[in-house]
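Asks: Sequence:
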Amino acid sequence: MHVIVTGGSSGIGFSVASLYAGRGVQVSLIARDAARLEAAAQRLRAQFPASKIATASADTAVGEEVAAAIEVCEGENGPCDILIASAGMVEPAPFHEQSAILFDRQITVNLLGTVNTVRTVYDGMRARRRGTIVIISSGAALIGIYGYAAYCASKSALTGFVEALTAEAVSFGVNLCLAFPPDTQTPQYERELPMRPPEAAILMGKVKPWPVEAVARRIVKAVDKRRSRVYFDLTLWGLYTFGAFAKPVLMWSFLRHLARTRDGQGSSR
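Sequential numbering from 843 applies to the sequence shown in the numbering used here.
Think of the hints as simulated: they come from the structure by calculation, not from any bench. All figures in this text were calculated on a predicted structure; none of them were measured in a lab. Virtual Cβ for every residue (Gly too), placed ideally from N, Cα, C. Do not take every clue at face value.
As the list claims (entries may be wrong) - BS3-like, lysine-lysine: derived pairs with alpha carbons at most 30 Å apart:
1) K1050 / K1063
2) K894 / K1067
3) K894 / K1063
4) K1067 / K1050
5) K1063 / K1089
6) K1050 / K1089
Claimed, not checked - Simulated restraints on C-beta separations:
7) F1014 / G1080: 26 to 36 Å
8) A877 / F1084: 26 to 36 Å
9) R1098 / A910: 48 to 58 Å
Whole structure, please, built from the sequences with the hints as guidance.
Replies: What follows is the structure in structure tokens.
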């Protein structure tokens, strides 16, 4: 078995790769930073010598780069059986303050980078009539969050992509799984947190981030059971299942709380 993981040098991607390497299967890591990528591969090789680890550096937002990287990985470890599309980025900021460059980059990496990666393995899986594609979305795909316009847009778009592609892929034996992880203790989360607008916390609450290993275990378990969705908790499941009813109430409550907070700040001046 060959598992390819984008965003594999750290975070959820690396933790998922570690679980598969622990099973002794072939694992390929793809990420932009070549030095971090090699360091991650060396950790896996030292800890799991029975697993053959391949690497290739690429920016998934550039279709030619990710196609070349996957070609290298499949040349070393064989055709891709499981793709974990975990590469992504987040740069929170109010829409009026965020540059067009940073907004567009999040759309490109999170949406088009995922599409580029899937496109590269999909034809082979379809021809072999087997394979699993796991796309790492986010709980932020399920409801709009203050300061996360680009991130929410890019992640929620993945739902439409997966739903449409599932309708096409099912007759070819290709399974798609969409994961909606909550805040997760990763290097990206640590970088994001200081940039998170205080208004976002009103809606998101003060919930502790999940350990990255726990998130990775849920994802791998979902693949084993051929599940099409991974929600992680009842709140995220409820937002996906009953969002049309729940989100208007949540947004009303958020806007009411935000107005009270701002009125209080105004009266204290």
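Asks: Could you run down the list of hints and mark each one as holding or not?
Replies: Here is what the structure says about each hint:
The straight-line distance between the Cα atoms of K1050 and K1063 is roughly 22 Å, inside the 30 Å bound, and the hint therefore holds. Between K894 and K1067, the direct Cα distance comes to roughly 24 Å. Compliance with the 30 Å bound is thereby established for this hinted pair. Between K894 and K1063 the CA atoms are separated by roughly 22 Å; this keeps the pair inside 30 Å, and the hint holds. Restraint check for K1067 and K1050: the C-alpha separation of about 28 Å stays at or below 30 Å, so the hint holds.
A distance of roughly 29 Å separates the Cα atoms of K1063 and K1089; the hinted pair therefore holds under the 30 Å criterion. Note on K1050 and K1089: the hinted pairing holds, with a Cα-Cα distance of about 22 Å set against a maximum of 30 Å. At roughly 32 Å, the beta carbons of F1014 and G1080 sit within the given window of 26 to 36 Å. For A877 and F1084, the hinted distance range of 26 to 36 Å is not satisfied, since their beta carbons lie about 45 Å from each other.
A beta carbon spacing of about 51 Å between R1098 and A910 agrees with the range 48 to 58 Å that was offered as a hint.
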